[in-house]
Every structure is written in structure tokens, then in C-alpha cells.
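These are the residues of each chain, in order.
There are 2 protein chains.
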Amino acid sequence: MVLIGTLGRSGTIDRLAAAGKIDVAPIADKWESYTIQTVRDPMPGVHEALVIAGSDKRGTIYGIYDLSQNIGVSPWYWWADVPVVKRRSIHVAYGKYFQGEPAVKYRGIFLNNEAPCLSAWTAEKFGGMNAAFYARVFELLLRLRANYLWPAMWNNAFNEDDPRNGPLADEYGIVMGTSHHEPMNRAHKEWTSRRPGNGQWNYLTNRPAVQNFFREGARRGRDRELLVTIGMRGDGDTAIQGTGGIRSDVELIETIIKDQRRILMEETGKRITDIPQVWVLFTEVLKYYEAGLHVPDDVTLMFADDNVGYIRRLPTPEERATRTGGFGVYHHMDMNGGPYSYKWINTNPFPKIREQMNLALEYGADRIWITNVGDLKPLELPIEFFLSMAWDPKSVTKDRIAEWTVLWAKREFGASHAEDIAKLVSRYAKYNAWRKPEQMRPDIYSLENYREAERMVALWQRLRQRAEAIHDALPDNFRAAYYQLVLHPIRGCCNLTEMMVAAGRNARFAQQGRASTNAEATEVKRLFAQAHRIRDTYNHDLSGGKWNHLMDQPYIGYVSWYQPIQDITPAVSELDLEDTSRFGVAVEGSVQSWPGYYLPPSLPMFDSLHRDRRWLEVFPRGAMPTTATVQASDPWIILTEARAFSSGKEDRRYWVDIDWAKLPAGRHEGAITVSDGTVTMSDSAAQEAISITVIADKASSGQMQEAKGCWGSLGAAFSIPADGYERTIAVGDVRWDAIEDYGRVEAAMSIFPVDAESMPDPTRSPRLEYPLFIGEPGRWTFDLITAPTLNINPNNQLSVALWIDDAPPQIYSVFSPARKASEEFVGEAHDHDSRTDMRVVPFTVDIPSAGRHTLKIAMIDPALVLQSIIAYRDPLPASYFGPPSMRIGEG
Amino acid sequence: MVLIGTLGRSGTIDRLAAAGKIDVAPIADKWESYTIQTVRDPMPGVHEALVIAGSDKRGTIYGIYDLSQNIGVSPWYWWADVPVVKRRSIHVAYGKYFQGEPAVKYRGIFLNNEAPCLSAWTAEKFGGMNAAFYARVFELLLRLRANYLWPAMWNNAFNEDDPRNGPLADEYGIVMGTSHHEPMNRAHKEWTSRRPGNGQWNYLTNRPAVQNFFREGARRGRDRELLVTIGMRGDGDTAIQGTGGIRSDVELIETIIKDQRRILMEETGKRITDIPQVWVLFTEVLKYYEAGLHVPDDVTLMFADDNVGYIRRLPTPEERATRTGGFGVYHHMDMNGGPYSYKWINTNPFPKIREQMNLALEYGADRIWITNVGDLKPLELPIEFFLSMAWDPKSVTKDRIAEWTVLWAKREFGASHAEDIAKLVSRYAKYNAWRKPEQMRPDIYSLENYREAERMVALWQRLRQRAEAIHDALPDNFRAAYYQLVLHPIRGCCNLTEMMVAAGRNARFAQQGRASTNAEATEVKRLFAQAHRIRDTYNHDLSGGKWNHLMDQPYIGYVSWYQPIQDITPAVSELDLEDTSRFGVAVEGSVQSWPGYYLPPSLPMFDSLHRDRRWLEVFPRGAMPTTATVQASDPWIILTEARAFSSGKEDRRYWVDIDWAKLPAGRHEGAITVSDGTVTMSDSAAQEAISITVIADKASSGQMQEAKGCWGSLGAAFSIPADGYERTIAVGDVRWDAIEDYGRVEAAMSIFPVDAESMPDPTRSPRLEYPLFIGEPGRWTFDLITAPTLNINPNNQLSVALWIDDAPPQIYSVFSPARKASEEFVGEAHDHDSRTDMRVVPFTVDIPSAGRHTLKIAMIDPALVLQSIIAYRDPLPASYFGPPSMRIGEG
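Protein sequence lines, in the order shown, are assigned to chains A and B. For the first sequence, my numbering begins at 2 and goes up steadily by one. For the second sequence, my numbering begins at 2 and goes up steadily by one.
Be careful, since some hints might not be right.
Put simply, identical chains are the same to the list, so a pair is met inside one copy or across any two.
Below 25 Å or equal to it, Euclidean Cα-Cα: the simulated DMTMM-like pairs (lysine to aspartate or glutamate) are [unchecked claim]:
#, residue 1, residue 2
1, Lys650, Asp568
2, Lys190, Glu689
3, Lys126, Glu689
4, Lys526, Asp444
5, Lys126, Asp580
6, Lys126, Glu579
7, Lys58, Glu255
8, Lys411, Glu268
9, Lys190, Asp238
10, Lys526, Glu575
11, Lys271, Asp224
12, Lys709, Asp24
13, Lys395, Glu891
14, Lys288, Glu252
15, Lys271, Asp260
16, Lys663, Glu707
17, Lys424, Asp473
18, Lys259, Asp299
19, Lys547, Asp580
20, Lys547, Asp577
21, Lys526, Asp577
22, Lys126, Glu140
I should point out that these hints are in silico values taken from the structure, not numbers from a laboratory.
Next comes chain A alone, as it looks inside the complex (with noise of 0.2 Å):
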């Protein structure tokens, strides 16, 4: 037998209380708290029992769901079609279980974005956003251990749609909210739907009818559950109409804010602070706010993010001593609008989420947690972290976030390929997070600086195999599961990299004349036909069609904020070929070609210290193969011929490798050169021959002593992870301290506590130091790439420091005055860096003699995130990540 109740309303478990059979001590009087015990003799005939017993209604309900996944039910049965494996009983410990309360109050999501995929389902499926939809939506909220919905708008009206969601979120015990934009428990629509007064959503010119929409609203919400978004923006989630004035738009607002919560009154007969009431700080909104707009203390104040997941503010311990509403944070997990839209695909790394939700619980701004989670799929995983977070922030720690994963693994698809499983959703996601999908564009990745284009091409292709061998090897009945959750996102995704980097060699072959120019323009068209297979197996395939249109939504072929009515593919070029087998020489490090560019080609020089291999490519210029031949001017040039970086079948690659044995220390000069080698020179046909400069720079014994496990080079460019420093510095509790699997890194570093008091001299704070190997004196930029972390604390300005050996130290602000509007949301730096999801911190330093040296970064400010250095003397080569990272003597 199973009891269930809720304190002070279910006699049995009262009496059970009352008894002392069960202990409810610990939950008594909390928010959304429950025990689960086991009870000897409960009643009369009844041996044992389990008890469920709740705080409160929500209580209750997440102690039921608590026992529901530990049977094997998982919260995404239904919407993710996990299997509930079927037993044939269950195990009960004795004992008793207390969950308190939770670490934020109000855990939301929000459905919104919703055309063309969640509208056009919901049709289908439901006939529209009606009870039997949303009954679904609180269900799977209930099993997260949510208690708060932003209820889809585009064109939906949620009271209005179908009069029994209202109700019925009040049953099931769903805490009702609008948007940002709309106030007093009012849809947008309703409001454009009637137009009543004058029809304008303004204030100042249509005060009678926009308040008489408020009162409408406060009265149909006054039986209910409600927290009531207050406030007013413009017509439709723009900017509020303004009144020509910062001060007076202030005023403005106070006043719609003082009526509104006279109305609450008016219409509920409660006191206001009985009423929850929330007023986001959303775009625009926030600068009223920073221009001394007070709004009252029990009014929880909703910071929001930039849209991509990077809060714009959080409460200062002045703010926090004062508003009992407390503060809460808005998060994108899907945007459309600017800086710019992504709605495809999970894109959300979990390190990322809680990076930025721990400082939000840190600087206290935990009452409310709302995440814009578009059309809910596919972003079952970042909704169920949020929430899980939310709930119990411990269970995510920075730390355990793996571990986290691999229970989810687990729980969907049993323990077998869990850690599998577990990192390939970590993965993908984080992959994602470097550039977003709608944001892919053919020239993102180099072909030319470091194989970058090939390396990001074959780390999905690595992801896919993976995740294709385990679909293969799971049980049928958990392949639509997998599918949804694992394999989609990662096929779709590895396609849309491997096309548009076919896309990029279009071009630059183009460029380069290549007959294989017309082989990259086939393979990207066989690539977009491919990505609608991939499209069309999740629309229509899986679960017999149940999520049909939830992949509508076109992602390939962005060129603004807007999206693309439907899938583009990217443009390519064509060429007329010629009937000549003509050779034409692409190498490293160059977009040029030969014949053809006026500089004589070279490769970038070879360095002892990092043995890198290079490469370059030689391929036919005509319809026609050529048979050009290679060959090195010495010995210690090693030529291995291998498969060209292209679609075209004829184009063949040289990996040049130096045989260091074979060279003395110093820099030495040598060629390949490339020829026709079917004509005699005599022929008039005959290409001229193309010679390729080969360096080799070889460091002496003693330079190699010394630059062992440092990070350097004899002169190029190089990169430092940010944990790959040798000594790290702590100031009595304050320290950097590893994110695990963050960004483009392994681990990034970070102030721990994340709200530690900001210490302005860098000498006397936390810091990290790094072996350095400089091989050439001079002016060197090291470059930090942190995080787009924002101007959470307006007290701060995001500082940093940094020196080598006992140089003065510099010290960079982010957020110095001259900066702030560029790096802050819609600045212009940001936007860039919202894009790439880095900032680069540029310090410049003079290194006045070669060798060994110590790199040292100290905090200033906490919240930054390092997640590597990048180094360099002459001009950066152009790429997206910068130079691979690599240590002296681990090569």
C-alpha cells in the first residue's frame, strides 16, 4: 500500500503525523518539500506501507514523481518516448527519505518561438494549444520538478485558446506566468485580437482601454495560482512606445507598475505582497531600471540573459538587503531575434548553463528561474538540467556534471553504453556552443591555418561513428528514444559541418582555379539532400510520425536575425574546364595557388620543438588528371603522398615532415618542387616547374633542455590551455579553480568563490603561472580567451592582469568606461563574441630575450573564465580557434 497526502490536508497522513508514525518534522511549514517513508501498522489490516507525504500540494506531487523515476519511469516516457521497462517488482528500503526545499522557488520554462515546428504539431497532434496539449507540458514540468510556465504566444492566447488551460494548470498545480512583455496575466493576442479604446498598446494615449485589459486580467486570474508579470514593453515584445524622454518613460512606467498592482488589489481582495508579482528586465527595460526607475521591494526583479545564455546583471548586496521579492534570471536555451536566432538544435553545453546559473544562485538571484526553451524539443537535455539545477544545485556542481550525465544516460538507456552516451550528448552540445548551426557559414573554419576545417570535420565524424554504432547495438524498443536524443542532433549536425566546409573548398578551389571546384558544388548539394533525409527520418519515421513538424524548422541559410522561409543551400560556384591536364599547387598556409599567385609559395616554417607536419596539395587544373610530380632538394624532407582535403578524386595531398635527425641545430632552407613530369622541358607545353620554400628551424640541445615541458615556440604562434598552467596562487579561500569541459577547452579556470571580493592589486591575488619557451625575442600579444562573460556586477569592470617574470604587471578592464558599450549586450564587440562564444582579452608584452620565461595571470575581478592564451609575435594566421595547444617535448 501506498499512502499519499499532503500535510494539513490529507486526514491519513495528518493522523499518520500525529501518531508518530511518520516524521514530518523536517518538511513541516517548507515550499515544495516531501518524505517518503516506509510505516509499520499505518492502519488497521495494513502490515506497512510506503507514505508520500508533501509540504503542500507541489510537495506531495514531486514526491510522487521522485518514486515514479526511481520505479523506472522516466519524466520523458511520453515526450521523449523512453521506455518504461516493464518489472516484475519493485524494492522499497526501509527508511525515510526528506527532500527539502528547493534551491529556487519559481522553476520555469518558457514555450516560445513556436512556428513553424511546436504550432504546426500541436495541430496535428492536438488540434491546436489546447487542455489535452498542455496537460502534457505540466505532466512532463511536474516530473522536472517544475512549478512555472510561460505559456507559448506567437499566436496563441493560453486562457483564451481553450478555456479549460487555465483551470487545468491550476490543478495540476502550475504556477501560471505570461511573458516578459505581457502584463497582467494577459496573451499579447488577447490584446491584439480586440484592440479596444483606440487600439494602441500605449499607456499615455489609450490609458482607459489598456487598463480595463489589466483589471480583465486580474479578475480572471484571482482564483488561481498566478505570478503576474507586471510592467509594459511595446506593441508585440518590442520596446515600450517612449515618451520622448528617459526620465519620463521612468515615470511612465512607475505609474503603469503603481496601477497594475492597484488593481491586483482591487480584483483579488489580497494584500500585494500576497501576490507574486515579477518584473523582467528584458532589452531595453533593464536601462530604465539602471536610470533609477524604483519599482516596490516585493516585486521580484527578473534580470535577463543576452539571449545566448550570458547574464546581463545580477543583484549587489545593496539591492539584495532590500527587495523582499528577491531577483530572478530570464535564460535563452533558443532565441529568434538578435543577436541572432537559433532554434534548430540543442546548443546548450551543460558547463555553460551552470557556469552562469551558479553565479546567478551565488549573487542571489534564486526566487525565479525562467528558460525560453522554444518549441521544448529537442532541448530535453539543457530543459532537464536547468531544472534539475534549479531544484538542487548540488547535484550539478561544477564537478559533477559528468556524473550528472551518466545518470541521465542511464536512466534513458539503461548502464550499458551510459558513458557513452554521456559524452556524446556532451559533446555535440558543446561543439554546438563554438558556433552555433544558423551561424555556420562556409568560411568559419580555415583551410588553410592549422587543418582546422579538417580536424572540426573529423571530430564530428569520430561523434557520429560513435553514436551510429551505439543506435546499432541498443535494443529496438530504445532506438526512438536514442534517436531523438543522441543521434539526430549529431548526424544532423556533422552533416551541416561536413557541408559547409564542401561549401568553403568550393570557394576557395574556385579561387584556385581547381578542376575539383564542380566535385565540392555535387557534394555540398549531396550533403543538403542529405540533411532533409535527416530532417524527414525524425518527422516522419520515428514513434510512427508522433513528432511530425517538430523538425520544420529550416536552419541552413541565415543571413540575418530573420530565418530563411525554407532550407538554403550554400551558394556555390562553378567552372568551365579546359581540356589540358594543367597542375596547380595549393600548400599550407596560403589561400593563393601556383601558377598563378605572384609571390612564390612557401610553407610555414617547421619548429624542432612541436614537429608539426605540413602539407600541401597538388591537383588538376582541366578536365584532365595531371601527372605532376614532387620531389624534395634534400634529404631531410620527408614527402608522404595521401588523400587530398577534397571531393575531387584526382587532387592528392603531400604531408612534408622534416627528418630532424638528419639536420644540424639551426635554420635551414630547402625546396620541393613540383613538375610535369611527362613533358620534356623542350616541349613548349610544359609547365614551369613550382618551387615551395621548405624552412626548418631546429633547436639547439640546449634550447631543447630548456623549453622541455613549457609552452612556446622557436617564433610562431602557439596557444596555452588554461590549465595547463604549472603553479597556481591562492589568496586565503579565493583561488582559480578548473570547469571541466567548458568552452573550447578541456578545462577553463575561473574564480572560486565565484562572488569573491574583487582584490585590485595583482600582485597580492589569486594567479596562475605558465612555463614559457619564447624562441624569439620581441613584442609578443597573448591573447586571453575567456568567456562573454557580462557585466554581472556593475561594481566591477571585469579585470585582469597579466605579466611575464617580474615585469610590472598590466592590467586589462573589460568593461572599462571606454568599453563598456561595445562589450555590453547589443555592443558591438558582444555581438561579434556572442557568435563565438569567446571574448579575447589582448595583452601586449615586450619579452627581451629569448628562453625561458614565467607567464603570470592574476585575478582582478571574479566571473572571468580563462579558457586558453593564445601567443604570438608576427600576424595571428587567420582561424577560428587559433593555433592546436600543444606542450614542448609532448608532441
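Use these hints to put chain B onto chain A, whose structure you have.
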């Protein structure tokens, strides 16, 4: 009998002169002068003769070719296959003709950028750039009354490629020079093929070898007529290898020049003032001059243009006063390098050449003019114009350019089509200068505003139709000349414009989800293939393949200044079409489409002052035709169906006109609805109807009266052609005057004389007044569209003033200290302006009242060329040219 000889060199001529039978006083001791006279009884037994007597060798030659041309032999008879019309007799009127000295002492061309065309052509036809080739060049130069040549040097050495070249030039009377970066009569290839000393082209590190190289050049040319380039740049047309500071660089160059002059005297035995020398202030070299580098006064200082035809600097009165060597100009009609390359076709309109070279004349840069002509062909026209102007500027005053062109056409093709052909060649060059072919991109011309792209296509197509009609009407033997001089560039450039605009539609239509996206992709490929057919006709079919390779130059697919290896199709996208009959709508003024974009569509406001029509297009989005119908809400909205500007056969355009008679004055709103006519509203497959807002603003009769004859609008952006003034106010001789057929307009306005003194007070300087009608008061911007004139006179800042009515004048200084770096050569603003061939000089003006006003534009400095004025209150719709000009009441 024709008697020909040179004064002082021909006994016959001298005897005739001594006998008083010919009058030679007007040409005696003159430079390159001649007389043509009929003489009775010149010698025993000869009844009468025609005498051509030159003041010097070239004077005589020019006299001969003057007669030749008058007889009917075009200077281009060989070089452009212009037929020599056979005559049975030739009549010479009795009398005396005297040709005085040329305006410019040395007049020449620079063969350059000679790969892939000139080099392949000379290899095939002459076996290299040998004496057989140069004999053709020399003859052409003399027929064009030029006297100076910089020979080809990319992979050529004039004196070594064929040892006969140098003596032959001397024999022909061509003064040889070497290019700006090749001092002392030596090709750079002579250096690179030897690399004496340590091999470095460096006067610091390899002085003895470089000096010896100079000396050999001086020695070789000692007995020839040379104009010696002095100074030194870097290795192969690059900046000089610096010494580390500008002061020491200056000293080094001064030393080089001093040494070069010493060597010249030593090797020739002449006085230095008897050796013409030129120092060319190309690119970075000007910087040294401005930094104070002193070059002896007998050296000609040659200023350069910006590589696109705008002269960077001209001598000041102070400079002119002392420099006995005078000044010259190095001009470009063809470029390989920055700011961008243009090597394919003629893009040099005569009025622009004339305007700039007239500045040179008037500011005293008249000692040497040389122009970079690339492969020589197809620049026949601008070459002849440039050299004609250098010879006799009076023949091409600004008001005689059209006359000169008609005379040219008559000479080449006879009288019957001369006027039409003159227009054709003027127009294609003019259009090409708006945007050079190499700089054409799919998105240059606006598809959505001002019907710009379609007007440009129509402009070219009309030109092509006329050119084809004349081609068909010409006798067979003129067609080869006509093709190369007239039809080929028009066909080629029309085709290019059509192709780029089709590629633009492809990209735009893809964003709009238009099914015809795919038809545009096909159209681009068709036009690309056609481009190659047009090229092949030139190379293979013309005059039996005589000009093979001269059209080998790739011109489609530039992404930087460096040319693509071969032509590349503009990149195109495709769409996967679904099997539906869904429709989409696009409207004038917007890049968006509906259904789709989140804001509803509206047409740009209709303004009764201009009576422009607007358009909307309805198109299929799927594979099936649509049955959408279009309806207007009101009888004053007139819809007319027409051909869409699209390659898609199913796309439909609707013109929207207003029946103004049906409307009272004031603003009226209506709508046009597009809906799917075949389905009933209950059909769930029916598309939502699209409603397009139409706003018509009708001026009152009072407004109409007031506005008549003005430039203006009821609120929208408008433009004013520079010659649309109602009043021009001169100050003394200084006045604004028209330059016909200039730039983007029918007539530009500039100050004459072009070297007038600056006038700092605009209220007392020459001014233009334009009648304005302003429908909406407020803050208006007036963009003066000027030529991108550079700071030829360093004593001023190229300032101009503007004001309305009696408001205080505002002054804008293009070369103010703050703007100078950006506006001058290699500056960011000038880089942009050199591509658009114009500069925007913006003024912002508060206009307090609606109604009639006077716009006043006044000179501060001369040399500014005003093309038009664009006025706007709201943000200016994106376009290349801005709104077309239309005077109110004339629409």
C-alpha cells in the same frame, strides 16, 4: 609630288624655306611642330607640290601621319582592323597649315599587367615582345602623336628580349623610358635574371653591384633619346627597403639620385641638364617627397594618380616657380593591384580623363603624361583620347568631348552611324566607370529599391540592342573593327550585368522561398557560358584569330585585388521544392517575403508630387503554379499585371498606381490583398491572405502650386542633379559650370577656372541655388555626391559650403586633419569611393517649416565636382545610386 623633310636636316626643305617658297618661321626652333603647305614650282620641272616640313624629326613624322589620317588611314588601321577606304583621288586645298608645339612635351603609354593577354598574344603572333612587335607599337604611337613609351616589364626586359628593340625605338623617334620603379634605363628583369653582388636590390647592402647595374644602363643608352627614370623602389614594384626611419630613408634616396646623376654624366659625357630625367612619386614615394626629400630642379617630378585615374597631387605655385624640369603625371586606365584590379575592358570615360588631366594642365603638370594601358587593347579609345588631349587640349575642351567622339566614330566607321556609335562608346565606358566589371557583385544594385537593378539591366540591354542594330547595318569589312571597338565591350558588360543581377535575384529569391530561385541559378550558368562565347568570338573569330589571347583575362570571380585563376560563376543557391501551390509575395522596398516575415508588408508611400508607381510580385513557393489572386481595397488603387523581374515564368508582377483624381488631398490608406482563389476559407490547406498596406499622400492644390518646378517630396528621399539649379552666382571670372556627361549624371558642376583661388567666405563665393519643396519639416540630410577628387592642392582641404535659405552656411572640408588619412589614397574612405567612383559629402540641416526653400551650395575650394544631391529625412533606402532625380511637375 609630296616633299617631306625636317628643317636643318633636309636640303630640299631648307632650300624651299630659303627661297621663300615655304613659310617655316612659325615652326622654327619649335618642339615637334610641322607645317603642311602647297607650293607652286618647288623645283625645276615640278609644277606644284605638297610640302611637309617638321621642326624636328618627330615634327616631320607627325606631319606625315597627319596627312595619312586625313587621307583616310586610321591610326588603328592595323591595331583595330579599321578599313582603309580606297579613294580614286585625293584633293588638297591650297594653303598653309602650321601645327605648333604640343601642350605636353612627353606623351606616352605604359604597357603593363601584360599577362595573361599581351604576353600570350605577342608570343603567338610575334614570337615575343621583339622588334616586330614594337615596330607596330611605335608606329601606332607616332600616328597618335605620342613620343614616349614605358615598355612591358612583367617578365620582359625591353633591351634584352630583342637587342633590336632599343635601336629601333631610336630609329622611329620614340623616347624610351622605363617604368616608375625601374631606374636608369634598365628593366627590373635585367636585375632578377642576374642578381649581381649579394643579389639584393638594396642600396644599403649591395651598393657596388647596384651602382654597376645603373652604370651599364646609362652606358647602353648614351646615344639614344631617353627619358631616364631615377630614384629607387623595392624589389619588383614594391616599397623601398626602408632604413628604419623616414629621415634616413630620405637621405638614402637623395644619395641614390645623386649617384645616378653622376653616373649619367660620367657615361654620357653630357651636362646633367641635357639629360631628361623623371622621378615618379608612386605610392609610398610621395611620402618621402612630402617629408622634404629634395630632388634637383632639373628633374621632372611625376605625380601619380590613385591607380584609378584620380591624381593624388599637383604642383603648387611655389613648386612650379623653381622646378625647371617641370612636372608630369602617371595615370592609369588599367591596374593590377590596389585598391583593386581592372584589366579586362575599357572603363575610362572621356569626361573623367579630361577633368583630371585638365587639372594637371592647369596646375602646370605638363612636362610628361604617361598612362598605364595594360595590354594596350582593348583600351584603344581612352588611349587616343588621352594622347589627343596631351597633344592639343583645345580639341577636347569639356564642351567638345562629344564632338571629338563623333569625329572619331566618323573616321573609323564613316558618317552614317557616327553619332550613334559615339554615344555607344561614351555610354558603355560611363556605365563601366559606375562600377568596374571586376568589382561587380550580385548585390551591388538594389532589387527592392528604385527598381535599380532592373533599370541597370534595361540600360545595358538598350545599349546592346542599338549596338547590335548598327553592327547588322554596317558593311562587312567594318565589322571586325566595330566588334572590337564597340560591340564586344557592350555585349560583354551587358551580359555581366545581367548575370550579376540574376545571381542577386537567386540569393534574394532563396531568402524569399521563391521557387524561381532555381531558374535564376540556371540563368546565371547560361549567362556565364555566354560570357565565354562573347570572349571566344573576340579571340578566335575576329580577323581570322588575329587577336587571339587578348581577351584571356579572367574578370568574373575576384575576391581581392588579385585575379582569380580563371573566371568563376557567381555562387548560386538552390531550393528543394515541395509539391505545393503555395504562393509568396514580395513588395517594393523590402527584401522580405510573405507569408513569412513577422511585420506586415506595406508599399513605399505614394506621393502625388511624383506619381511613381510601385510593384509587388506574387510567386510560387512550391513546384506547382499558384492560383493566388490580387485585389485592391479601393477604386483609387490601380493594379496592372506585368512580367515579373525574374527568370521564373510563374512569377507575376503587379504594378500599383494611384488614381489621384479619385482622392482628396491628404493621406489615405488602403490595402492590396493576395489570396489563394481556388480554395474556400474552410479548406484547411488554404493560405492566409496577405494584406499589403498602401498609403497615398496627395498634395493640396496649394502645395502643388508651391512645389511646381522644385526638387522635393511630401516626405520621401529625393535627389537633385547638379545642373538642376535655378540660379548660379559667379564671382568675377570664377563660376560653377557644367561638365557634360560626367560620372553618374548628365552634367556635373564644377568651378572654373579649375585653379581659381580658394574663397573662405561662402556667402561671397560662387554659388548654386536649387528650388526645394519640403513636405515634412525636420532634420534633413543632404548628401553631396561628388567625384572622389583627391587633395591635389595641399594648400587647401577641398571644402564646400551648404545652407538653406538664410541659415548660416555649413562648411565641410574633405581633407580636414581628422578626415585626411581616410580620404586620401590608401585611406579607408577613398578605398570605398574608388570602387563607387564617387564621394558622399554629407550635411545635416534643420528645416523648420514645410514648403518652398532654397538650397545653396557654394565654393570654398576649386576642383570639387558636384554630381548630384541626395536629400532624406528618414533613413535612406539601400541602393547604389540613391533615388532617381525627378523635378516636381515633370513626372
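Alpha-carbon proximity context of Lys424 and Asp473, limit 25 Å = For Lys424 and Asp473, only the intra-copy Cα distance (17 Å) is at most 25 Å; the inter-copy one is 73 Å.
task = Pop the pair Lys526 and Asp577 into one bin, within, between, both or neither, using alpha-carbon distances up to 25 Å.
result = both (19 Å within a copy, 10 Å between copies)
ask   = At most 25 Å between C-alpha atoms: does Lys547 with Asp580 qualify within a copy, between copies, both, or neither?
value = Result: close only across copies, 22 Å inter versus 53 Å intra.
request  = At 25 Å max between alpha carbons, let me know whether Lys526 reaches Glu575 within a copy, between copies, both or neither.
outcome  = both (13 Å within a copy, 9 Å between copies)
ask   = How would you label the pair Lys395, Glu891 (within, between, both, or neither) given a Cα cut-off of 25 Å?
value = Neither, since 37 Å and 77 Å both go past 25 Å.
message = For Lys259 and Asp299, with the copy left unspecified, which applies at a CA distance of at most 25 Å: within, between, both, or neither?
response = Within. Shortest intra-copy distance 13 Å satisfies the 25 Å Cα cut-off; inter-copy 86 Å does not.
query = Is the C-alpha distance from Lys411 to Glu268 at most 25 Å within one copy, between copies, in both cases, or in neither?
reply = neither (49 Å within a copy, 92 Å between copies)
task = Using 25 Å as the alpha carbon limit, work out where Lys190 and Glu689 are close: within a copy, between copies, both or neither.
result = between (71 Å within a copy, 17 Å between copies)
Within, between, both or neither, where Lys126 and Glu140 count as close if Cα-Cα is 25 Å or less = Intra 17 Å, inter 85 Å, cutoff 25 Å: intra-copy only.
inquiry  = When Cα atoms must be at most 25 Å apart, do Lys58 and Glu255 count as within-copy, between-copy, both, or neither?
reply    = neither (35 Å within a copy, 94 Å between copies)
key: Intra- versus inter-copy proximity for Glu252 and Lys288 (alpha-carbon distance at most 25 Å)   = For Lys288 and Glu252, the Cα distance is within 25 Å only inside one copy (13 Å; across copies 59 Å).
ask   = Within a copy, between copies, both or neither: where do Lys271 and Asp224 come within 25 Å Cα-Cα?
value = Classified as within: same-chain Cα gap 11 Å, cross-chain 111 Å, threshold 25 Å.
Violated hints, listed in ascending order, are 7, 8, 12 and 13; each of the other numbered hints is respected by the structure.
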